[in-house]
Structure formats: structure tokens, C-alpha cells
Amino acid sequence: MTLRELPIVRTISESGADDRVYDGLLLVGPVVIFIVTILSTILDQSIIAELLALTYIAVFVCYVLYRGLPVSD
Amino acid sequence: MNGKTATIGRDVGRILEALGGLMGVSIVVPLAWGEWFGAVAFGASALVPLSVGYGLHRRFADADSPSRLHGMVVAATGWVLVGVFGSLPFLLIAWGVHLDLPSTLEATSTLAAFQDPLNGIFESTSGFTGTGLTMTDNEEVLPRSLQWWRTFIEWVGGVGVIVLTTAILARPGSGSLTLYESEARSEKIHPSIVSTVRTIWWIFLLFTFVSILALFLAGMPPWDAINHAMTGLATGGFSITDNSIATYDSALIDAALIPIMLLGSIAFPVHYLILQGDLRNFYKDLQTRWVFIYMSVGSALLWAFLYVGPYDSPGAALRYGAFQFVSAATCTGFQTAVDATNVALGAWPAQAQLLVAFGMFVGGAAGSTAGGIKIIRGLTLIKGIRYHVADIFYPDSAVRRLQINGRRLTETEANREFVEATIIVVLWIAFLIVGTFLLLVILPAEEFSLANVFFEVASAQGNVGLSSGITGPESLPAIGKVAFLGHMWIGRLEIIPILVALRVLFRRGGMYA
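As you go down the protein sequences, you meet chains A and B in turn.
Taking my numbering, I'd label the letters of the first sequence as residues 41 to 113.
Taking my numbering, I'd label the letters of the second sequence as residues 170 to 682.
Calculated from the structure, these hints are not laboratory results.
What you are looking at is a predicted structure, and each value in this text was computed from that prediction instead of being measured.
Glycine included, every Cβ here is placed at the ideal spot set by N, Cα and C.
Heads up, some of the hints might be wrong.
[Stated by the list, open to error] Among the chain B residues that face chain A by a calculated CB cut under 10 angstroms, a handful are:
| hint | residue |
| --- | --- |
| 1 | 205 |
| 2 | 383 |
| 3 | 386 |
| 4 | 392 |
| 5 | 443 |
| 6 | 444 |
| 7 | 445 |
| 8 | 446 |
| 9 | 547 |
| 10 | 548 |
| 11 | 552 |
| 12 | 556 |
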């Protein structure tokens, strides 16, 4: 069984924009939010939490812009 | 039992099953916060819509697929019942604490307001319709379970309970499309309606995660970021703090919320195309282009009204003016203009309040989570009027086309779209006027001005949630609460399904032949 055959992964990959990066961001999103919450509230490591949040947003924004770049033939 | 009732009963049953599922899923939150009584309340609340829904669904399992008429009655009935059953967690937790049942929850006057079922139904309907007007006087002291429930119902309601039901209890065929369209949606991303609603949820989830992390980066604590990202993206506007977003008094948080609210007011099919790399849709799509033009012009005008009015510095006028216009026009309802930090909305000059009310009236793009009459209807109306006026200058034999959003409409199509938009707008204004009159009669004249009252009614009907100070458990009389329930209901479903459902009800009741 491959990763894409797992029930949640399959539902997400079949529902979205047919793009592995977006699907990946969607799948790791709750994990990132959970880690950010733990780091900032319990472990008092807000710098690491902020870096993690920044990375997630940067990947999302950069990828949207990258997909929007005009493709030359 | 005739066929109509069976079809409506079956589909309303499915909506109630989905509502029960939402309550069941929410048990995780009180458990995580150690509010075990909240978990019991969610569990007990879930059993009611689940059993009623399951009973209806099973009883009418073989009913026919819904027609357009059935779809409208299902949407109108389903949304009323979702508001009523959705109030159960408020009611159970408030009464549980009042009766001193063993719980760790604190008894407060805010929570006590929900002992009145009308307040609970108001809060639940306001949440599901994405309005955000509230019966709480201090959201901060609510148990986390209820903070979550308010957020969660706004988040789900922003996309739609029927969209959720269709996505979960997938049923291929035209029945799903009929129900989908009756919930004020018509846009399709894929040929299949089940695939379309699943993609809508996929986009909505992805944007929710991005929004939560953006608000966290802007300085909100994680719990606050989760709640405000969900209600901001859903253009709902419930907050978990007493003074809404003004609590943080942070320009960075205000700035982070503006794009989140704007994301919520753009149609899902446009988001889909943009995610696939077609960034030109930001300006190519008529509604999206106008979202930005209209927000910019409205914010600039409001800035001018506020700068020559209550604010001393251009920076403060820009910060509060831009945020409040975007919050109003996207129909979110987050508030930064309060007395605690600057000048409350209700104390703004009448022209500023009416401009914000105009933003609430127009709303965001059709096919988004925003309310109001929608930008496309406003544009159809303007273009249609111009088209009909210009008709005088052409010979009778001239073949003319009306162009809307890249579509060239024939005369028949143009007339149909123009008439549809006109009907909605006229009815919308009629209900606004009736609601304003009613409130003027029942409220003490010395406390609220006409601008205050019109603002509040426009906010309820546009599913916005900004308040000039009228809505509250004590300040709004019971008749006003019932009237606002009606405004929120007709605003969310865009009037027609409700008029159709009422006509069916009165005909069956024999009130007119």
C-alpha cells in the first residue's frame, strides 16, 4: 500500500487541485498547527514556532506564485 | 404521506444527521480543555438531531429526488432546524451550570443569558448564517466548548450546511445539484456536484490552515488564532474576546485579517483557478476585479469621512476605516472601532455609518462565503439599466447583446438575468425597510438614531454582524430578536427559497387558495 492509497490521503488527493504540494500542505497543516501550539504555549519556544509557521506560509505563497509563472514553450 | 413531504423529510433528515456529526466531532475540544461537562453536553446534544435525522432519513429512504421546489423548501426548513437544534449545546451548558450540576465551568451572567432558549437559537442561527451578531456580552468568559461551537458553526455555515451534507453523504445525480443550488450557490468547479463540493472544502481547509498560522505570526495566541482565522475566512465574525479584534489593538493583526476576509469574499471557482496557476483571474474575473475596486474605493471614502470626523490623524482614520469597510463589505463583522481603543462605530458620523451599511448591503462575490446581495447582482443591475436606457437610441430591428463577465447574453437571457437581480434587490430593500420600521417602533427613541437602527438591520440581513450597540440579550426586545432571526435567515438563503417555502406552507395550511 502506497501513501496515496491511505483513505484520508486518497480523499484529499482526489478532492483538490491535483497537486502534490498543495495536498502535502493540507495534510501537514494540522500537524504544524499542533506543534506550533505546543511549542508556543507549553514549551515556551515561540521563536521556533514562529519559524515553523513562517516556513509553512512561505512555501504556500511561493508555490502559488511559482505555479502562476508564465511557462515558455 | 405524499411524495413532496417524503422527499423533504428525507433530505432534511440528512442535514440533521450532518449536524449531529458536527456536535459529535466537537466533543474533542472540551476534552482537550478539561471541560468534561462540555463533552457531555455535546454528546447529549448530538443525540437529538442524529435520532430525528436518522428517523426521517430511514422513514423516507425511498423518496423521489428533489425537484427545484423541494430543494428550496428543504433549504429553508433545514436552515431553521439547524438553527434550533444547534442551540442545544448553549442551552444544556447554561442550564447545567445554573442547576449546579457537577462541572468545572464558571457561572457567569454571559453564560446565564443562554438559559433563555430564544438567545440560544439567536446565537446558533447567527453562527450558522455567518452573521456574527451575538447574545453574549463578554465572549472571553464563555467556556472553551462554547467558544469553539460558535466558531465551528460559523466556519461550516460559511460554506453551507447543504454543501457539507452533500460532501459527506455523497449522493450522485441531479438531486444533489438541486439542493446545492437552493443554498444560494450555482457555481461549479467540476461537472459533478459531489466533486465540486469536495473541492470547495479542500480549498477552504487549506486556506484555514494558512490563515491560522498567519494570525499566529501576527501575534495572536494559538487558540485565538484558530478561532479568528476560522470565523474570518468564513466571513462570519464571531470573536472569542470581549471587544472583537479591538482587544488586541494591533495594526499588524488588523493588517493580517484584511487579506483573510478578502479571501473569504472571493468565489471558490476563482480560488481553484488561481491555485492552479491562473493568477490572471485576480483581474480577469469580473467579480474578483470588482471586489478589489469596491473595497479600495469604499475604504478611501470611509477614510475621508473619518479623517474630517472623529479621528485626528490620517493614519488612525486609514487603519480603522479600511478595516471596518473591508469587514463590512466582506460581511465578516469583526470590529476594531470600539470605545475602549478609539471611537465606537455607533458614534461615527451618520454618513460613515451609512457607507458601512452600503458595504454590508452589496457584500462580496457570489459563490464565496460572503453575504449581501452580491457584487454580480449589483453589476447586473447597473449594466441592465444602462442596456435598457440605451435601447431607446437603437432601431427596433437592432440585434443587441449584453456582456456580463465575458458572457454575451441574448436579449431573452439579458432580460431574465436583469429581472432575477431586480427581484432580489427589490425584496432585499423591502425587508430592510420593514425591519427598520419595526425596530424604530420597539426600541426607545432616545437611545438609538435612524442611522443606528438601519445599520443594525442591514448588518443582520447582510449576515455581517457589525453592531451599532442594539443587539444584546437585554438591549434587544424578544420581538426584535425574532425579527433578526428572520433577517438572518432570508439574508443567508437570498430570500426566494424562503418565500417559496412559506407559500407551500400557507397553501397546505389553507390560508389562501
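So, going through the hints one by one against the coordinates:
no.	hint	result
1	205	violated (21 angstroms)
2	383	holds (6 angstroms)
3	386	holds (5 angstroms)
4	392	holds (8 angstroms)
5	443	holds (7 angstroms)
6	444	holds (5 angstroms)
7	445	holds (5 angstroms)
8	446	holds (4 angstroms)
9	547	violated (29 angstroms)
10	548	violated (26 angstroms)
11	552	violated (29 angstroms)
12	556	violated (35 angstroms)
Taken one by one, the earlier hints fail for this structure at numbers 1, 9, 10, 11 and 12, listed in ascending order.
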